[in-house]
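Asker: What follows is each chain in one-letter form.
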Amino acid sequence: MVELLDVITVGLFTAALRMTTPIAFASLGGIFSERVGIINIGLEGMMLISAFAGVAATYFSGNPWLGVLAAVLVGGLLGLFHALLTVKFVGNQIVSGTGINIFALGFTAYMSQVLWGSRGASESVQGLEVVSIPLLKDIPIIGDIIGTHTPLVYLMLIITVLSYVVLFKTPIGLRIRAVGEHPAAADTAGIDVFKTKYLCVMVSGMLAGLGGAFLSLGHLSLFAWGMTGGRGFIAMAAMIFGNWMPFGAFGASFLFGFADALQMRLQALGLLPPQIILTIPYILTVAVLAGVVRKAIPPSNYKPYVKE
Amino acid sequence: MAEKTREQYLETKELLRRFFSRLELELRRILPQIIAILAAFLAGAIVLLLTGYSPIEAYGALMRGAFGDAFGVGQTFTQATPIIFTALAFLFAFKSGLFNIGAEGQLLVGGFAAALVGISFDGLPSFVHVPMALLAGALAGGLWGFIPAILKAKLGAHEVITTMMLSYVAFYVTGYLVNYPYKAPGWVSQTPPIAPSAELPRILQPTQLSASILIAVILVGLTHYTLQKTTFGYEVRAIGLNPAAAESGGISITRGMILALVISGAMAGLGGAGEVMGVHRRFIEGFSPGYGWDGLAVALVGGLNPVGVLLAAVLFGALRSGGMVMTRVTGVPLDIVSILQALVILFVAAPMLIRYLLKRGGFKWLSS
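Chains A and B supply the protein sequences, listed in that same order.
Just add 21 to the spot in the first sequence (first one is 1) and you have this note's numbering.
Just add 4 to the spot in the second sequence (first one is 1) and you have this note's numbering.
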């Protein structure tokens, strides 16, 4: 028991914030998509391909920031694809997203073998350097937790705030929410419903892309098979738990990020077999979903919008 | 006499006409699926070309591996078997409006439960031991379906997320069991072999094709019958089509959804049991290369109808068995199979995309 308590350290919270980052990015991505009435179950796959693209671009250019750029672009492209399939061609949103997820797993494993001759993992690449925020890092405890991270962690915090402002404090946000809640009315009011949907699902993919880039470039500095490990789905749960609100989603993501960090610590301790510890984030996700829903009312009308 | 011949001639002509118009109708109905498959192979060919492989060589080796000789055909059907189970699992839940994307996990727990019964008893007669192990597989899979089902029906937890999460849990829990308490001595993460009395017979030596495929085919018939001819099947479909209308018509949505997802999980679990009892004769960690996902693709390509599932499962079984040969002969990574599978799903997801492509490609007459 003493050993278990020893796990709860400042370092654990630092790790928790780190592991929150990919989930929160994807979760914010989920919000942008669902706010315009498109379920993005493909977040998982978008993250995975972006994680791969980030490492591949870094591998060839030597610059991890170009990797991040590639990840965001690829994420946006996949978002556009999902939007095309579900908005223009009125395809089933879940089927399209699942297709993207399976594609991601197969494509990254395939390309990993083509590029590096290994299905399991890529070669190591130059990862993103950590930065320390002056002053902030000197505050006791808090400074240890949030003072020194890769820039993507700070970007995630900024985008969380930005998402809230854009969605709820600007005319653009009003339009986005109108498209999701009542597309016909939005159309009558002169809002381009389709364009809004395309843009938001692309943003969704780009945010998932940032999450993927964090996993591969900000965390491990390599690509590993299936490295997202269901975080796209966990991000969706965080989005629901957070009631489709950016701060809520961030808070829920932190819960899952904490579970992830705890899981890693417990593994390092070796008290329990790793397989048992690895189930923690997934069981927590199911438990959270079971605990919050009924109260969680989706903000959108998910029916495909067909112009009269 | 001439009169009679003429009559016969006209009759035959009429029969043929009807046959061909029926054929045309059927073909038109499955056309989107066929085009989706072709489009996926075409897109896959582009991936192969861009990565420096010859699509003709790769697909050629795949086809020869899958259908080139009796052994290949046997292996194709061996690979198709678990896919039939998982496809039926996806289909059954889907008919009630639920997306069970956790068939992979249900298959794993079902397989493990069957292995457990297989190794725990000795000296039982086969006609007792085999059904016991199969039942254990179905029960375990059903339980794995029951959890998301009750969470969905009582609390509204989204089954897409919960079934997926439980798949991870199943993967790790069976991984734990096969690495610790039930690990056979040696390097490989596997259980000891099941008792011979729990084995499903191999029906096409030397291939691994086992009697599990017979169970799969029976299950296809049962699924079709249940959905089309029973009150329960009608209720399930009514819930899937319009839950509100079904409820006001006196159907219990809660009960229907729970049962549908439990049956769905049980079918996937039975598929896992079939693999363990017929093919591997023990539980080996990672024995499923993704049969759960194959099932999803097959259910969709099969037009969400049990008989279509049977045909599509053979195609995907061929991809798996031929894929291994392709990898051995040409060095193309096996994951191209997953890429093809995903592309098929994406093309099937949006029939309107296919219609659009056909129109653009000048095949207007096909797209009506």
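Rather than coming from a laboratory, the hints here were simulated on the basis of the structure.
Since we're looking at a predicted model, the values are computed, not measured.
Ideal Cβ positions, reconstructed from N, Cα and C, are used throughout, including at glycine.
The reader is advised that the hints may include incorrect statements.
Stated by the list, open to error - A few chain A positions that, by computed beta-carbon distances, are all more than 10 Å from chain B:
#, residue
1, L87
2, L90
3, F110
4, V111
5, G120
6, N122
7, F124
8, Y131
9, R140
10, F254
11, A289
Unchecked claim - To give an idea of the chain A side of the interface with chain B (calculated C-beta under 8 Å), a few residues:
#, residue
12, T119
13, L241
14, N264
Asker: Run every hint past the structure and note whether it holds.
Answerer: Results of checking the hints against the structure:
1. L87: It holds; L87 (chain A) is separated from chain B by about 21 Å at its closest Cβ, greater than 10 Å.
2. L90: holds, 21 Å
3. F110: F110 (chain A) not clear of chain B: closest Cβ-Cβ about 4 Å, inside 10 Å.
4. V111: violated, 6 Å
5. G120: violated, 4 Å
6. N122: Its Cβ does come within 10 Å of chain B, the nearest being 8 Å, so this is violated.
7. F124: Given a closest Cβ separation of 3 Å, the condition is violated.
8. Y131: Violated, because the least Cβ-Cβ distance between Y131 (chain A) and chain B comes to about 4 Å, which does not exceed 10 Å.
9. R140: Answer for R140 (chain A): violated, closest chain B Cβ roughly 7 Å.
10. F254: violated, 5 Å
11. A289: holds, 17 Å
12. T119: Holds, about 6 Å.
13. L241: violated, 19 Å
14. N264: violated, 14 Å
In terms of the numbered hints stated before, the structure departs from hints 3, 4, 5, 6, 7, 8, 9, 10, 13, 14, listed from lowest to highest.
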